[in-house]
Structure formats: structure tokens, C-alpha cells
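*Asks:* Please take these sequences and the hints and turn them into a complete structure.
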Amino acid sequence: MTPLIELTGITKTLRGQGRARSILAGVDLTVHSGESVAILGRSGSGKSTLLSLIGLFDRPDGGRYLLHDRDITRLPERRAAALRSAEFGFVFQRFFLLKHLTAAQNVAMALVNGQGWLPRRKRKARALAALDQVGIAHLAKHKPPRLSGGEQQRVAIARALVREPKLLLADEPTGALDTETGNLVIDVLQAATERGCGLILVTHDGDHASRMGHILRLSDGVLHPVEEEAVA
Amino acid sequence: MIRLSGRSRSALIIGLQGIRARKLRTLLSMISLFLGVLAVVVVQAGAEIADRALLANVELTEGKDGTQMIFLPPDPKAVHVALDTLKGSRDAVAMVGTHAIIGEPGVTPINPGAQRFDRPGGGPVFTGPGGPDVLCYPSGECIKAPDAGQDAPPPGQAIEVALNAMTGDIRQFRPYRPIAGQWLDFTGPPSMAPRVPAEMRIDGAIANATPRIIGVVDDGSDQPTAYVRTDELLNWLPETVVGSGANSGGVQVLTAPAATETQQILRARLVAAGMSASDFHIETINSKARIATELALIRWIFLGMAGLVLLIGVAGILNVGLATVGERIEEFALRRAVGTPRSLLAAIVLAETLLTGLFTAAAAIGLGVAAVQVAGGILSAREPSLQNLQFPWQAGVAGVVAGLVAGLLGGFIPALRAARIPIATIMRA
Numbered sequence: 000m001t002p003l004i005e006l007t008g009i010t011k012t013l014r015g016q017g018r019a020r021s022i023l024a025g026v027d028l029t030v031h032s033g034e035s036v037a038i039l040g041r042s043g044s045g046k047s048t049l050l051s052l053i054g055l056f057d058r059p060d061g062g063r064y065l066l067h068d069r070d071i072t073r074l075p076e077r078r079a080a081a082l083r084s085a086e087f088g089f090v091f092q093r094f095f096l097l098k099h100l101t102a103a104q105n106v107a108m109a110l111v112n113g114q115g116w117l118p119r120r121k122r123k124a125r126a127l128a129a130l131d132q133v134g135i136a137h138l139a140k141h142k143p144p145r146l147s148g149g150e151q152q153r154v155a156i157a158r159a160l161v162r163e164p165k166l167l168l169a170d171e172p173t174g175a176l177d178t179e180t181g182n183l184v185i186d187v188l189q190a191a192t193e194r195g196c197g198l199i200l201v202t203h204d205g206d207h208a209s210r211m212g213h214i215l216r217l218s219d220g221v222l223h224p225v226e227e228e229a230v231a
Numbered sequence: 000m001i002r003l004s005g006r007s008r009s010a011l012i013i014g015l016q017g018i019r020a021r022k023l024r025t026l027l028s029m030i031s032l033f034l035g036v037l038a039v040v041v042v043q044a045g046a047e048i049a050d051r052a053l054l055a056n057v058e059l060t061e062g063k064d065g066t067q068m069i070f071l072p073p074d075p076k077a078v079h080v081a082l083d084t085l086k087g088s089r090d091a092v093a094m095v096g097t098h099a100i101i102g103e104p105g106v107t108p109i110n111p112g113a114q115r116f117d118r119p120g121g122g123p124v125f126t127g128p129g130g131p132d133v134l135c136y137p138s139g140e141c142i143k144a145p146d147a148g149q150d151a152p153p154p155g156q157a158i159e160v161a162l163n164a165m166t167g168d169i170r171q172f173r174p175y176r177p178i179a180g181q182w183l184d185f186t187g188p189p190s191m192a193p194r195v196p197a198e199m200r201i202d203g204a205i206a207n208a209t210p211r212i213i214g215v216v217d218d219g220s221d222q223p224t225a226y227v228r229t230d231e232l233l234n235w236l237p238e239t240v241v242g243s244g245a246n247s248g249g250v251q252v253l254t255a256p257a258a259t260e261t262q263q264i265l266r267a268r269l270v271a272a273g274m275s276a277s278d279f280h281i282e283t284i285n286s287k288a289r290i291a292t293e294l295a296l297i298r299w300i301f302l303g304m305a306g307l308v309l310l311i312g313v314a315g316i317l318n319v320g321l322a323t324v325g326e327r328i329e330e331f332a333l334r335r336a337v338g339t340p341r342s343l344l345a346a347i348v349l350a351e352t353l354l355t356g357l358f359t360a361a362a363a364i365g366l367g368v369a370a371v372q373v374a375g376g377i378l379s380a381r382e383p384s385l386q387n388l389q390f391p392w393q394a395g396v397a398g399v400v401a402g403l404v405a406g407l408l409g410g411f412i413p414a415l416r417a418a419r420i421p422i423a424t425i426m427r428a
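Just so you know, the protein sequences line up as chains Y and D, in that order.
Each residue of the first sequence is one higher than the one before, counting from 0 in numbering that gives the first Met the number 0.
Each residue of the second sequence is one higher than the one before, counting from 0 in numbering that gives the first Met the number 0.
Just so you know, the hints here were simulated from the structure itself, not pulled from any lab data.
For clarity, every value in this text was computed on a predicted model and none was experimentally measured.
Mixed in with the good hints, there may be bad ones.
[Claimed, not checked] Taking lysine to aspartate or glutamate pairs in the EDC-like style, the calculated list, with each CA pair at most 16 Å apart, reads:
{"#": "1", "chain 1": "Y", "residue 1": "K165", "chain 2": "Y", "residue 2": "E5"}
{"#": "2", "chain 1": "D", "residue 1": "K22", "chain 2": "D", "residue 2": "E326"}
{"#": "3", "chain 1": "Y", "residue 1": "K98", "chain 2": "D", "residue 2": "E329"}
{"#": "4", "chain 1": "D", "residue 1": "K287", "chain 2": "D", "residue 2": "D64"}
{"#": "5", "chain 1": "Y", "residue 1": "K98", "chain 2": "D", "residue 2": "E326"}
{"#": "6", "chain 1": "D", "residue 1": "K287", "chain 2": "D", "residue 2": "E61"}
*Replies:* Next up, the structure:
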């Protein structure tokens with residue numbers, strides 16, 4: 000079965016204040032459709048950097064990145080934007096909802112990105128369907144200040160799901176939530192994997208990581224497999 | 000109907016959402032831009048209205064552009080040659096100026112010197128070199144004014160008019176536009192036909208004729224003037240008197256721009272009659288083009304000043320735009336994360352500033368329209384050319400263009416900045 004993504008020997012060095020620091024030193028990672036992967040690691044170990052490379056926010060210095068067996072290691076920005084729209088969904092620790100828009104409009108925002116055009120009625124229908132997937136369709140007309148943290152994160156997840164991505168990239172999505180609400184958010188993300196969507200979850204929470212199909216730890220710039228017992 | 004591309008629609012939708020989310024900022028931008036756009040609208044509207052007011056009647060007073068005017072000296076030979084050569088000509092006409100008194104015989108007209116009827120107190124049209132006792136006519140002829148106390152006839156029911164005799168058909172040669180005046184209506188009963196039960200006295204005439212008015216027109220001149228056909232005038236005024244120094248300022252020949260053959264024949268016959276080429280002077284009428292050029296120069300000077308005011312507004316939009324982009328870094332980074340290309344981010348910012356410019360233009364044009372309505376109502380009574388004053392569409396176009404240009408200039412740098420926001424910003428937040 001062709002993997003969804005396949006990273007081989009990915010390296011990345013960050014340069015700042017005249018100093019170069021190697022963050023990733025040969026990362027290998029393969030994710031198939033419907034698979035969920037948790038990535039653990041210390042703060043500053045490069046988890047978010049790895050996620051930004053996978054999400055095509057940035058380019059690796061070395062290595063190879065295949066998407067559906069196609070090499071996308073060095074993609075021009077225009078094509079990278081198109082792939083971000085079509086293939087990936089992003090969930091962040093902060094929700095990044097636009098306060099002046101309703102929940103439905105925040106979700107539909109991902110559909111108004113210049114990558115194809117959908118009429119307003121279809122945008123609204125798809126936004127409502129995505130909100131329904133995360134269980135908050137009844138809050139479609141609410142603006143973010145009137146939503147709880149968990150509800151806001153679910154709106155953010157609906158925004159990530161509305162374009163039916165092949166791979167969800169979640170960067171500490173429960174970091175700003177209490178345990179109970181965090182568990183609800185992980186439930187929603189797992190539900191997406193049951194529909195065939197791949198999931199890479201960056202987290203510090205061992206309990207959440209243990210609910211993923213594979214657990215990896217990023218240390219010294221390289222990913223290491225972790226046994227479930229070791230996490231617990 | 001114009002169908003916008005998906006990206007353009009996306010930019011417009013997000014731009015409008017941005018404007019709605021930041022109403023106060025949009026209002027502040029509009030205020031900073033308003034004076035500049037209004038200045039452009041006012042200058043353009045003023046220039047268009049001035050153009051219409053000044054150019055509308057200029058052909059009536061100065062003649063059609065391109066017409067060649069040949070001035071011949073007040074010499075009976077020149078008069079004879081000109082009248083004879085141009086008899087029946089359709090591309091040239093000769094005009095001889097004199098003056099006439101119409102009304103009761105043996106009285107002093109109510110407007111000696113053919114002055115304006117509405118000028119109170121009388122007096123000469125021009126004060127001649129001999130002081131107020133000399134009357135000078137627009138033709139250049141000056142006569143000794145009658146002494147009011149001694150030998151002047153008693154005042155009576157008579158008017159004095161400048162009399163222009165022309166070869167050919169007056170109406171054909173000078174196509175007065177009905178909008179400038181009204182031809183008399185001859186379709187009514189004969190008793191209502193406009194006849195003057197009076198005699199017309201012309202110095203040197205062998206008889207006093209009874210004039211019949213066939214039309215009245217506003218020729219743009221202050222002075223009451225009558226136009227007659229030369230062949231009719233010559234029935235009672237000898238050719239030797241017409242156009243001679245004793246009676247007028249000479250002969251003026253008006254030719255159409257293409258009447259070169261007529262001009263050559265006239266010139267040859269005048270020279271053959273013993274006149275030198277230096278005796279006649281040729282001028283081409285280009286008053287409309289000249290006034291239009293002068294007005295255009297003034298318009299550009301004022302538009303330049305309005306442009307400077309507009310630049311201040313552009314600086315305001317730029318300032319607000321940069322501050323807004325600074326506040327929306329996360330939003331733009333997020334939009335890039337969900338697949339929005341850099342070019343669309345720039346287009347979103349530009350759409351906001353362009354829409355702000357358009358809204359400002361609409362407000363400025365609205366105010367301009369209202370001001371023109373009010374000014375038209377107040378000033379039309381004093382200035383006939385301002386009657387039926389309409390807001391010129393050119394001013395509306397100028398306002399829209401000014402608004403769009405200001406939006407483009409003010410939004411350009413913020414748009415570039417928005418497009419360059421690194422996408423990883425959102426990961427570090």
C-alpha cells in the first residue's frame with residue numbers, strides 16, 4: 000500500500016543571531032491513510048519544526064519528502080499552497096479563530112482561499128457538515144468570544160476538516176484545554192482517522208499519545224519508536 | 000455582466016469582511032482620504048462647468064473655430080470688390096458694420112451709442128479720446144456726441160442698434176443654436192407677427208426704411224445689434240457709403256476654412272483694384288481652442304494641488320493599512336496555512352483599501368452632486384449659463400479614479416507586507 004507521506008533523512012538547521020543549530024538530523028517517518036501517529040519530545044526538540052516541514056510551511060535542508068509517492072521536497076510556494084489546501088488540515092494549540100466571524104464563517108474561511116471557488120450556499124453547507132462532524136453544528140452562528148475553549152478548538156478542527164484533508168497535523172491541540180475537554184478533542188481527531196484521514200499529533204500528554212496507533216519520540220533530531228508502556 | 004475569477008471574489012469577500020470587522024479604522028481612513036478625493040471632484044466639476052459656461056456661447060460671439068477673418072480697410076473700392084466677389088458665395092461672407100436708429104423720427108434714442116438697454120444712466124459705450132462728448136462704436140468709429148443742452152433732439156421712443164450687413168444668408172453662415180436664443184414664432188396669426196411700426200435711420204441712407212424683424216437671437220454680445228442682408232441694405236444705402244470711413248470701420252470678410260479658392264480670387268481682385276497685400280489683415284478664429292487650452296492649463300494646476308491633498312489622504316490610508324496588517328499577522332499566517340497564496344493575501348489588503356477608496360469617492364461625489372444642486376439653485380438667477388446645472392459625469396469619473404488610485408497607492412506597501420508574512424509565525428505563536 001502506498002504510504003500517504005514518506006520522509007527520509009530529513010534535516011533542518013535553524014540559523015539565528017549568527018548561530019546555526021541543527022534541529023532535525025535525519026528524520027525518517029512514514030504515515031499511511033487512516034493511521035495516527037503521536038510525536039513526543041522535550042520543548043525545543045524540533046516537534047513543531049518537523050510539523051511545519053510536513054505541512055509545507057517550510058522546506059527541509061536535506062532528505063526526501065514524498066506525498067503519494069511524489070517528491071515534494073522542493074516545491075515552489077504556489078504549488079505548496081495548493082497542496083496545503085488540498086492535502087493537509089492544521090490544528091494548533093491556539094485556535095486562531097477570527098473574532099468577527101461566526102463559527103460557520105470561521106470554518107468556511109478555509110474554503111475561501113483562492114484554490115477553486117464554491118458558491119456561498121455550498122460553502123455554508125460544507126461548513127455546517129464539518130461542524131456537525133465535531134458535534135457543534137448547533138453553535139454555527141456563535142462568534143468565538145461566546146464559545147468555550149473546547150468548543151473553539153472543535154471549530155478549529157472543523158476548519159481543518161472542511162476541505163476533507165488526507166492528513167491532519169495537530170500541534171499540541173489540547174495544550175490550552177483541561178483534561179476532560181482535551182479528551183473530547185482527541186476523540187474528535189480520532190474520529191477523523193476512522194474516516195481514512197491520517198493524523199500526526201504533537202503532544203506532551205502521554206495519555207493522549209497512548210491513544211494513537213504509533214508513538215514516536217523526537218530526540219537529538221531523530222525520531223525513535225516508543226513503547227506504549229514506556230509512555231504510560 | 001462581468002464575472003470575477005474565484006480569487007477576485009475571494010479577495011472581495013474577505014476584504015469586505017475585514018472592512019466590516021474594522022469599521023472605525025475604515026471610517027478614519029475615509030476621513031483622511033475624503034478631502035483629497037473631494038478636491039479632485041470639485042476641481043473637475045468646476046472645470047467642466049466653467050468649460051460649458053465659457054465655451055457654450057463663444058462661437059456666437061467670436062465665430063466658429065477655423066473661420067478666417069480678413070479685415071479690409073474702409074475703402075469704397077475694397078467694399079465694392081468684396082461685395083461683388085462674394086455675391087452668391089456659399090463659403091464666404093462679407094460683413095459691413097454701421098449703426099441705425101429705429102423708432103420715432105427726430106428724437107434722441109434711449110440708448111445713444113447703441114449701449115445696453117439695461118445700463119442705467121446712459122452714457123457712451125466707450126469714452127473716446129475727446130472725453131465723454133465723444134461716442135465710440137464697437138466698430139471703431141467715433142462721433143461727437145450730441146450736446147444734451149443745445150442742439151440735441153428731444154429724447155423719444157427710439158433705440159439705437161449696431162447694424163451688421165452681411166452677404167448671403169445670415170442664418171446659414173452663422174448657425175445660431177436655438178439653445179442660445181429663440182427664433183420668433185411666425186406660425187401664429189398675422190396680427191401677432193413681430194413688426195416694428197417705426198422707421199430706421201442710417202447715416203447716409205437715401206431713404207428711411209421700415210424694418211421687419213424676422214428673428215431674435217442671443218448672439219452673446221452686450222450691445223443691441225441688428226443683422227441685415229447687404230443686398231437689402233444697398234437698396235437705400237449707396238455702396239460708396241457702405242463701409243466707407245464716414246460710416247463704418249471697414250469690411251470684414253469671413254471665410255470657411257476650406258474656402259482657399261474664394262480667398263485667392265478676392266485677394267487677386269483687391270490687388271488688381273490697386274490695393275496692397277499689406278492693406279488687409281487675416282486672422283483665423285480659434286477662440287474655442289484657445290479658451291479650452293487656457294482652461295485645461297488652469298484645470299491641471301488645480302488638479303495638481305488637489306493631488307497633493309490626495310497624497311496626504313494616501314499617507315493616512317498607508318498608515319492605517321500598515322497598522323492593520325501588523326495586527327493581523329496571525330490571521331494572514333493562518334490564511335496561508337489553509338492554502339491561501341501570497342498573491343491573494345496581497346489582493347485582500349488591496350481590495351480593502353480599494354473599497355475604502357471607492358466608498359470615499361461615493362461620499363465625495365454625493366456631496367459634490369448636492370453642492371451643485373444647491374449652487375445651481377442659488378446662482379442660476381444671477382448667471383444664465385448656470386441654469387439647468389448638472390453634476391458633470393466627468394467629475395464622478397475623476398472622483399472614482401482618485402479614490403481607486405489613492406486606495407492602490409495606500410494599500411500597495413501593506414499588501415506587500417501581508418504577502419511576506421512568514422507562515423511559520425503561526426507555529427511560534
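*Asks:* Tell me the hint numbers this structure goes against, listed in increasing order.
*Replies:* Hints that this structure does not satisfy do not exist here, as all of them hold.
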